[in-house]
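Generate the whole structure from the sequences, applying the supplied hints.
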Amino acid sequence: MTSNYDKFESACRILEEHSFDKSKLIPILQSVQEEYRYLPEEVMSFISSSLDMSPAIVYGVATFYAHFALKPKGKNIIKICDGTACHVKKSTVIIDAIKKKLGLKENENTTKDMLFTIETVACLGACGLAPVVVINDNVYGQMTTEKIAALIDEMTGAR
Amino acid sequence: MGKHLTINGKKVEFTDERNLLEVIRKENIELPTFCYHSELNIHGACRLCMVEVAGKGIMSACSTPPEPDMDIKTNTEHLIEMRKITIELLLASHDRECTMCAKSESCKLQSLARRLGIEEVRFKNISRKEPKDISTYALVRDNGKCVLCGDCIRFCDEIQSIGALGFVGRGSQSKICPAFERDLESSECVYCGQCSRVCPTGAILPKPEFREVWKALSDEKKKVIIAIAPAVRAALGEVFGITEENGTELAGKIVTALRSMGFVKVFDISFTADMTIVEEANEFLGRLEKDDDMPMFTSCCPAWVRFVEQYSPDFIKNLSTCRSPQGMYGSIARRIMPEVLGIPKEELVVVSVMPCTAKKYEARRTELAKDGVIDIDYVITTQELALMIEEAGLRFADLEASAFDMPLGFKTGGGIIFGTSGGVTEAVLRNVMNTNGDEAEEFNFVRGENGVREAKLKVGSKELKLAIVHGLKNARKVLRDIRADKKRYDFVEVMACPGGCVGGAGQPVYSDLAVRKRRSKVLYENDKIMELHKPQDNPYVQKMYKDYLEKSGSKKAHEYLHTSYKYRKRFKETLEISKSSLDKIVNVEVCVGRNCLKKGSKEILKRVADGNKFKDAVNVQALICLERCSKGPTVKINGETFEHCTPDSVEDTVKKN
Numbered sequence: 001m002t003s004n005y006d007k008f009e010s011a012c013r014i015l016e017e018h019s020f021d022k023s024k025l026i027p028i029l030q031s032v033q034e035e036y037r038y039l040p041e042e043v044m045s046f047i048s049s050s051l052d053m054s055p056a057i058v059y060g061v062a063t064f065y066a067h068f069a070l071k072p073k074g075k076n077i078i079k080i081c082d083g084t085a086c087h088v089k090k091s092t093v094i095i096d097a098i099k100k101k102l103g104l105k106e107n108e109n110t111t112k113d114m115l116f117t118i119e120t121v122a123c124l125g126a127c128g129l130a131p132v133v134v135i136n137d138n139v140y141g142q143m144t145t146e147k148i149a150a151l152i153d154e155m156t157g158a159r
Numbered sequence: 001m002g003k004h005l006t007i008n009g010k011k012v013e014f015t016d017e018r019n020l021l022e023v024i025r026k027e028n029i030e031l032p033t034f035c036y037h038s039e040l041n042i043h044g045a046c047r048l049c050m051v052e053v054a055g056k057g058i059m060s061a062c063s064t065p066p067e068p069d070m071d072i073k074t075n076t077e078h079l080i081e082m083r084k085i086t087i088e089l090l091l092a093s094h095d096r097e098c099t100m101c102a103k104s105e106s107c108k109l110q111s112l113a114r115r116l117g118i119e120e121v122r123f124k125n126i127s128r129k130e131p132k133d134i135s136t137y138a139l140v141r142d143n144g145k146c147v148l149c150g151d152c153i154r155f156c157d158e159i160q161s162i163g164a165l166g167f168v169g170r171g172s173q174s175k176i177c178p179a180f181e182r183d184l185e186s187s188e189c190v191y192c193g194q195c196s197r198v199c200p201t202g203a204i205l206p207k208p209e210f211r212e213v214w215k216a217l218s219d220e221k222k223k224v225i226i227a228i229a230p231a232v233r234a235a236l237g238e239v240f241g242i243t244e245e246n247g248t249e250l251a252g253k254i255v256t257a258l259r260s261m262g263f264v265k266v267f268d269i270s271f272t273a274d275m276t277i278v279e280e281a282n283e284f285l286g287r288l289e290k291d292d293d294m295p296m297f298t299s300c301c302p303a304w305v306r307f308v309e310q311y312s313p314d315f316i317k318n319l320s321t322c323r324s325p326q327g328m329y330g331s332i333a334r335r336i337m338p339e340v341l342g343i344p345k346e347e348l349v350v351v352s353v354m355p356c357t358a359k360k361y362e363a364r365r366t367e368l369a370k371d372g373v374i375d376i377d378y379v380i381t382t383q384e385l386a387l388m389i390e391e392a393g394l395r396f397a398d399l400e401a402s403a404f405d406m407p408l409g410f411k412t413g414g415g416i417i418f419g420t421s422g423g424v425t426e427a428v429l430r431n432v433m434n435t436n437g438d439e440a441e442e443f444n445f446v447r448g449e450n451g452v453r454e455a456k457l458k459v460g461s462k463e464l465k466l467a468i469v470h471g472l473k474n475a476r477k478v479l480r481d482i483r484a485d486k487k488r489y490d491f492v493e494v495m496a497c498p499g500g501c502v503g504g505a506g507q508p509v510y511s512d513l514a515v516r517k518r519r520s521k522v523l524y525e526n527d528k529i530m531e532l533h534k535p536q537d538n539p540y541v542q543k544m545y546k547d548y549l550e551k552s553g554s555k556k557a558h559e560y561l562h563t564s565y566k567y568r569k570r571f572k573e574t575l576e577i578s579k580s581s582l583d584k585i586v587n588v589e590v591c592v593g594r595n596c597l598k599k600g601s602k603e604i605l606k607r608v609a610d611g612n613k614f615k616d617a618v619n620v621q622a623l624i625c626l627e628r629c630s631k632g633p634t635v636k637i638n639g640e641t642f643e644h645c646t647p648d649s650v651e652d653t654v655k656k657n
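Note that the protein sequences, when read in sequence, are chains F and U. Using our numbering, the first residue of the first sequence is number 1, and each one after it goes up by one. Using our numbering, the first residue of the second sequence is number 1, and each one after it goes up by one.
Each hint should be verified, as a subset may be incorrect.
When the alpha-carbon atoms are kept at most 25 Å apart in a straight line, the in silico DSS-like pairs for lysine-lysine are as follows [stated by the list, open to error]:
#1 F/Lys-71 - U/Lys-572
#2 F/Lys-7 - U/Lys-599
#3 F/Lys-22 - U/Lys-473
#4 U/Lys-56 - U/Lys-84
#5 U/Lys-569 - F/Lys-22
#6 F/Lys-105 - U/Lys-129
#7 U/Lys-579 - F/Lys-7
#8 U/Lys-175 - F/Lys-71
#9 F/Lys-22 - U/Lys-599
#10 F/Lys-73 - U/Lys-579
#11 F/Lys-7 - U/Lys-606
#12 U/Lys-569 - U/Lys-636
#13 U/Lys-566 - U/Lys-370
#14 F/Lys-7 - U/Lys-598
#15 U/Lys-598 - U/Lys-572
#16 F/Lys-22 - U/Lys-598
#17 F/Lys-24 - U/Lys-175
#18 U/Lys-477 - F/Lys-22
Rough simulated footprint, nothing fancy, chain U against chain F, three-plus residues with beta-carbon under 8 Å [to be verified]:
#19 3-11
#20 35-44
#21 50-64
These aren't lab readings, by the way, just hints derived from the structure by calculation. All figures in this text were calculated on a predicted structure; none of them were measured in a lab. Just so it is clear, CB atoms sit at the ideal spot from N, CA and C, and this is done for glycine as well.
Quick look at the structure:
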């Protein structure tokens with residue numbers, strides 16, 4: 001028997017902490033996403049009912065911000081900065097290299113084995129280290145295609 | 001001393017206008033807008049109403065309040081160029097198949113492009129062709145035609161309190177969709193169609209059925225009969241430039257037009273509206289006497305009925321069980337008319353003309369079908385009727401008027417005023433008051449424009465409290481007040497569309513409220529010149545009862561003229577809490593809607609989700625709102641619903657199972 005009760009309880013706790021206040025929708029979605037790692041439809045429906053607002057509005061907010069994920073994310077999250085400085089330092093080449101390495105197609109962000117999700121972000125504020133990649137909150141600067149390949153090999157080797 | 005400001009060099013007085021746009025329009029300058037509707041909140045998104053304010057620069061007139069001594073210019077070269085660019089950009093992402101669009105000629109984008117003299121679009125066309133959403137019976141959504149003004153979203157949310165639509169995504173990727181980008185049928189839509197009325201383009205339109213009607217008309221083996229709703233005669237003339245005081249001449253022209261198209265019989269829904277009143281008034285008096293399921297709600301508006309079924313199942317018992325006039329017409333046409341008219345059943349095709357999109361849905365309600373066969377084959381709107389008249393090449397304005405066919409063509413004034421907010425109540429009063437020996441015929445106090453109107457009335461020794469409501473947000477508030485014992489009523493009339501059926505989404509599109517008021521007036525004027533005013537005096541209604549239905553409220557009448565309702569769950573999603581791997585299991589579904597959650601449904605979930613307690617033999621799911629909020633926490637165990645649950649009571653019941 002598997003139980004998702006703990007996750008559900010956390011969602012309830014988050015709602016209570018925000019006093020079921022509609023105007024706190026964004027922080028609620030952020031916290032709930034941390035718990036579930038993404039925003040499943042049934043959880044968004046649950047939030048909309050709990051806040052007494054229509055699911056269309058909740059979904060609208062969730063799709064407006066790139067931060068919110070509507071699909072499950074992989075175990076490891078690779079963020080590639082594509083801000084001005086990183087872009088000039090050829091971050092797109094790094095993006096292509098990672099996609100190739102992970103076997104991701106044009107519109108795919110998450111590997112089929114759910115191990116990796118890649119995200120492009122706009123400026124991480126570490127322009128001096130451009131191009132920058134962040135893997136699970138660890139920052140790697142002056143990235144090259146060789147370095148990123150080695151990092152991914154290291155992670156998959158440790159699996 | 002009034003306050004003044006200057007518009008294009010002319011000194012203009014203003015008082016309490018909410019924004020510059022209102023002041024400017026009062027000066028007969030039609031500033032272009034997409035997203036401004038006097039009924040809705042100000043959105044300020046379309047950027048077409050930009051004006052130049054001296055010292056302040058370019059501002060949107062709709063979201064700027066007037067201030068004394070402002071110096072405003074509405075049509076400078078700069079402004080003209082800005083508006084042109086805005087329209088060009090909209091056209092660049094627009095599916096420009098205008099000649100084949102049903103909104104052609106009434107499309108705001110089209111008329112603005114013409115008004116602003118746009119001859120070419122300097123930008124590349126980036127319109128995305130998406131499949132149309134044809135999931136409902138009532139409406140068609142086509143995002144390729146959407147200009148993202150958000151009028152539909154705001155109407156649905158602010159006036160109807162439904163919120164079926166919302167913006168999705170952002171920037172160039174934004175679009176308007178139901179939640180989770182599902183189709184409209186999977187959303188909370190109640191089919192009132194007001195979104196299609198406020199849509200400036202063809203992005204949301206009533207779903208057409210008139211082509212099927214033409215097909216039936218040209219089929220020699222079929223005999224097609226049709227009936228027109230009261231509100232149709234108050235609005236159809238607008239399409240052909242005919243404004244008439246009382247609509248009788250117009251109704252006569254419609255009859256002529258329909259006959260020439262090949263309909264074998266042309267009836268009037270006002271006849272069955274009379275029947276609805278006789279039946280509903282009888283039901284009301286019965287309930288009043290027994291004090292049973294009071295207050296009684298009218299049930300002739302299908303969007304309202306759907307609203308109750310979806311949001312307030314605790315009030316389903318309060319809905320009158322009488323079918324709507326369309327429902328009664330369907331039943332009589334399908335089951336009695338073949339004998340009366342001598343038409344074999346299999347040859348009969350039944351059509352109705354409605355001011356409404358929700359009626360298209362109503363006709364397909366399984367509760368209105370008999371042995372799986374629906375009564376009404378096609379429901380067309382006033383708009384579609386106008387199109388058919390045009391397609392048939394009829395010079396409508398020049399047609400002679402002719403009379404409706406009998407027996408379903410005779411009506412009283414009571415049946416006519418059904419088409420406007422307050423009309424049903426007034427017609428019921430004409431019946432009820434007469435039953436009590438009073439001879440009053442006009443009840444002006446139920447008429448008017450307010451969204452919630454209340455009235456008190458002495459009937460014998462009892463004092464009746466009535467409420468007349470239009471707009472579903474108003475209805476939601478009234479329901480809340482009744483539930484909280486803040487208000488007590490005996491009879492509540494609800495129409496989903498502002499103004500009632502005259503303002504329905506199937507009517508020719510209007511944006512000026514004066515149009516709706518004029519339509520109501522037409523129906524009241526029509527009532528005045530009718531020979532009879534009280535529905536119960538209709539001799540053909542009396543004969544129908546005598547020949548086929550015994551008397552009002554009889555078993556036969558129930559079989560033909562009544563219907564039933566059922567709870568329709570709003571949220572389809574469930575949250576799986578725990579799943580058993582065993583074969584023999586108990587299914588526990590716990591409501592975690594807003595109210596149940598606050599009343600402790602989480603503790604119940606915790607108890608049942610504790611696997612050890614029941615030796616793993618339970619599947620636990622969290623359901624999102626069963627709409628039984630006042631009786632929560634609500635739990636379903638193996639399909640059976642329990643109210644006012646506690647962790648202990650649920651544990652006991654689960655153990656028994």
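Against the structure, the hints:
1. Under the criterion of a C-alpha separation no larger than 25 Å, the hint pairing F/Lys-71 with U/Lys-572 is consistent with the structure, at around 19 Å.
2. As the CA atoms of F/Lys-7 and U/Lys-599 are separated by approximately 20 Å, the hinted pair is consistent with the 25 Å bound.
3. Restraint check for F/Lys-22 and U/Lys-473: the C-alpha separation of about 18 Å stays at or below 25 Å, so the hint holds.
4. In summary, the hint linking U/Lys-56 to U/Lys-84 is supported, as the alpha carbons are separated by about 22 Å, within the 25 Å threshold.
5. With a CA separation close to 23 Å, the supplied pair U/Lys-569 and F/Lys-22 stays within the 25 Å bound.
6. Our distance criterion of 25 Å between C-alpha atoms is met by F/Lys-105 and U/Lys-129, whose separation comes to about 24 Å.
7. The straight-line distance between the Cα atoms of U/Lys-579 and F/Lys-7 is roughly 15 Å, inside the 25 Å bound, and the hint therefore holds.
8. Between U/Lys-175 and F/Lys-71, the direct Cα distance comes to roughly 19 Å. Compliance with the 25 Å bound is thereby established for this hinted pair.
9. For the proposed pair F/Lys-22 and U/Lys-599, the alpha carbon gap of about 19 Å is at most 25 Å, so the pair holds.
10. Under the criterion of a C-alpha separation no larger than 25 Å, the hint pairing F/Lys-73 with U/Lys-579 is consistent with the structure, at around 23 Å.
11. The straight-line distance between the Cα atoms of F/Lys-7 and U/Lys-606 is roughly 12 Å, inside the 25 Å bound, and the hint therefore holds.
12. Only pairs whose Cα atoms come within 25 Å are accepted, and U/Lys-569 paired with U/Lys-636 is accepted, the gap being roughly 14 Å.
13. Simply put, U/Lys-566 and U/Lys-370 have alpha-carbon atoms about 17 Å apart, close enough for the 25 Å limit, and the pair holds.
14. Pair hint F/Lys-7 plus U/Lys-598 holds up; C-alpha atoms about 18 Å apart against a cutoff of 25 Å.
15. As the CA atoms of U/Lys-598 and U/Lys-572 are separated by approximately 21 Å, the hinted pair is consistent with the 25 Å bound.
16. Proximity of F/Lys-22 to U/Lys-598 is assessed by CA-CA distance (about 16 Å); at most 25 Å being required, the pair is judged to hold.
17. Distance restraint check for F/Lys-24 and U/Lys-175: the Cα-Cα separation of roughly 24 Å lies within the 25 Å cut-off, and the hinted pair is therefore satisfied.
18. This hinted pair checks out: U/Lys-477 and F/Lys-22 have alpha carbons roughly 19 Å apart, not beyond 25 Å.
19. Counting residues of the segment 3-11 of chain F whose CB lies closer than 8 Å to any CB of chain U gives 5, so the stated coverage by that chain holds, three being the minimum.
20. With 4 residues carrying a beta carbon less than 8 Å from a beta carbon of chain U, the segment 35-44 of chain F meets the three-residue requirement, and the given coverage holds.
21. Coverage of the segment 50-64 of chain F by chain U holds. Counting CB-CB distances below 8 Å, 13 residues qualify, and the rule asks for three or more.
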